[in-house]
Amino acid sequence: MKKSYRIIFLLPLAIISFAAVLLLLGLTLLTILEYRPNEREEVSISVSATNSAKRELNSQSQIKILSWNIGYADLADYADFFMDGGKHVQNSSPSQIHQNLEAFVKNINDLEPDAVLLQEVDLCAKRSHRINQVEFISSAMKEFSYSFAYNFKAAFVPFPLPPIGHVESGLLTLSSCSVSSAQRISLFVPFKWPVRIANLKRCLLVNRIPVTAEGENGKKELVLVNLHLEAFDSGEGKIKQTKILRDFMQAEYQKGNYVIAGGDFNQTFSNSDISSYYQKPNGWKPGRLDLADFPQGWTLLQDPSVPTCRSNGLVYSGAKKSTFQFFCIDGFILSPKRKRLIRKNN
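Per this note's numbering, the sequence shown starts with residue 1, numbered consecutively.
If you're looking for bench data, these hints aren't it; they were derived computationally from the structure.
These numbers were taken from a predicted model, which means no experiment stands behind them.
Be a bit skeptical, because a hint or two may be false.
Claimed, not checked - With a straight-line cut-off of 25 angstroms between C-alpha atoms, the simulated SDA-like cross-links for lysine to any residue are: (1) K280 <-> I70; (2) K201 <-> F82; (3) K201 <-> R310; (4) K243 <-> L334; (5) K240 <-> P37; (6) K126 <-> P94; (7) K64 <-> I185; (8) K126 <-> S311; (9) K240 <-> Y253; (10) K201 <-> I239; (11) K280 <-> S270; (12) K126 <-> Q90.
Kindly produce the complete structure, drawing on both the sequences and the hints.
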């Protein structure tokens with residue numbers, strides 16, 4: 001009898017020890033495979049064989065820029081997301097992903113932009129059935145050159161259940177204008193080990209477009225910045241990331257360049273009136289980007305008359321719109337001396 005008691009006692013202990021060893025091995029492997037980008041990295045500019053992205057800009061040129069977080073073509077009106085209080089990691093079938101991508105491309109082409117800043121574009125991820133969205137979009141927009149930078153790269157994301165799994169995703173910038181260079185600039189990561197291992201490594205994707213400065217010596221550049229700032233942190237991440245962005249933009253402006261940053265800030269601008277937006281009790285709240293933090297003459301552009309984002313805590317289709325949570329967290333920051341500004345959310 002004593003022997004049987006000993007076996008019964010040791011069996012749970014052996015299972016716990018085995019699980020602990022597996023967990024340690026898993027953490028060790030993910031730590032070894034962790035994506036560790038340099039502070040600054042050059043990014044290739046891809047051009048198709050039929051590319052006509054050769055438009056040259058001068059100081060009087062007008063340019064239309066579109067920014068869109070496409071939610072890896074999965075977060076349609078039938079979707080929810082676990083990080084927002086929903087249930088799902090993956091909402092769409094492969095055919096639905098393709099349909100959503102086709103709709104994105106059609107809408108972009110209908111708006112006829114000169115440059116496109118896209119966020120949450122999957123290169124290869126389990127959540128979007130490993131469909132190469134960069135290739136899909138760039139192939140459908142052959143008249144644009146494009147550059148891509150990782151914002152989220154993890155060999156395996158072990159949460160929730162079922163887990164997110166493998167993710168390669170990031171920022172995609174397309175331009176019909178001639179681009180001289182592109183660069184990835186790393187942003188502050190607010191997460192510590194081990195959470196950091198399988199988390200986002202956010203960045204700025206910077207494209208430089210030559211601008212002929214009439215009446216001035218040499219050439220200037222239009223420095224176009226694509227971004228997606230922190231969402232699910234205590235607030236420290238967004239603040240430090242915004243400071244890096246602001247310092248970079250000011251340094252470029254002081255060189256004599258034109259600077260435009262656009263994307264998903266996960267923040268509402270202080271000059272945007274969102275008082276009419278329903279605020280869900282205890283729901284996620286975006287950060288606040290204050291115009292006063294920028295020197296005089298800089299412009300923060302949002303169009304709060306139309307939300308740019310919805311809560312993914314619930315499926316949107318069939319929901320009561322009057323008590324649904326919407327946000328205005330996408331926009332643009334422009335350096336001084338812009339002569340004409342038009343802002344509109346579609």
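Hints, verified against the model:
1. Restraint check for K280 and I70: the C-alpha separation of about 24 angstroms stays at or below 25 angstroms, so the hint holds.
2. Taking the CA atoms of K201 and F82, the gap is about 20 angstroms. The hint holds against a cut of 25 angstroms.
3. A distance of roughly 23 angstroms separates the Cα atoms of K201 and R310; the hinted pair therefore holds under the 25 angstroms criterion.
4. A distance of roughly 15 angstroms separates the Cα atoms of K243 and L334; the hinted pair therefore holds under the 25 angstroms criterion.
5. Pair hint K240 plus P37 holds up; C-alpha atoms about 18 angstroms apart against a cutoff of 25 angstroms.
6. With a C-alpha separation of about 11 angstroms, the suggested pair K126 and P94 falls inside the 25 angstroms cut-off, and the hint holds.
7. Using a Cα cut-off of 25 angstroms, the hinted pair K64 and I185 holds, with the two alpha carbons roughly 24 angstroms apart.
8. As the CA atoms of K126 and S311 are separated by approximately 22 angstroms, the hinted pair is consistent with the 25 angstroms bound.
9. Only pairs whose Cα atoms come within 25 angstroms are accepted, and K240 paired with Y253 is accepted, the gap being roughly 20 angstroms.
10. For the hint linking K201 to I239, the alpha-carbon distance of about 15 angstroms falls within 25 angstroms, and the restraint holds.
11. Straight-line distance between C-alpha atoms of K280 and S270 comes to about 20 angstroms, which keeps the hinted pair within the 25 angstroms bound.
12. Distance restraint check for K126 and Q90: the Cα-Cα separation of roughly 9 angstroms lies within the 25 angstroms cut-off, and the hinted pair is therefore satisfied.
Consistency note: the structure conflicts with none of the earlier hints.
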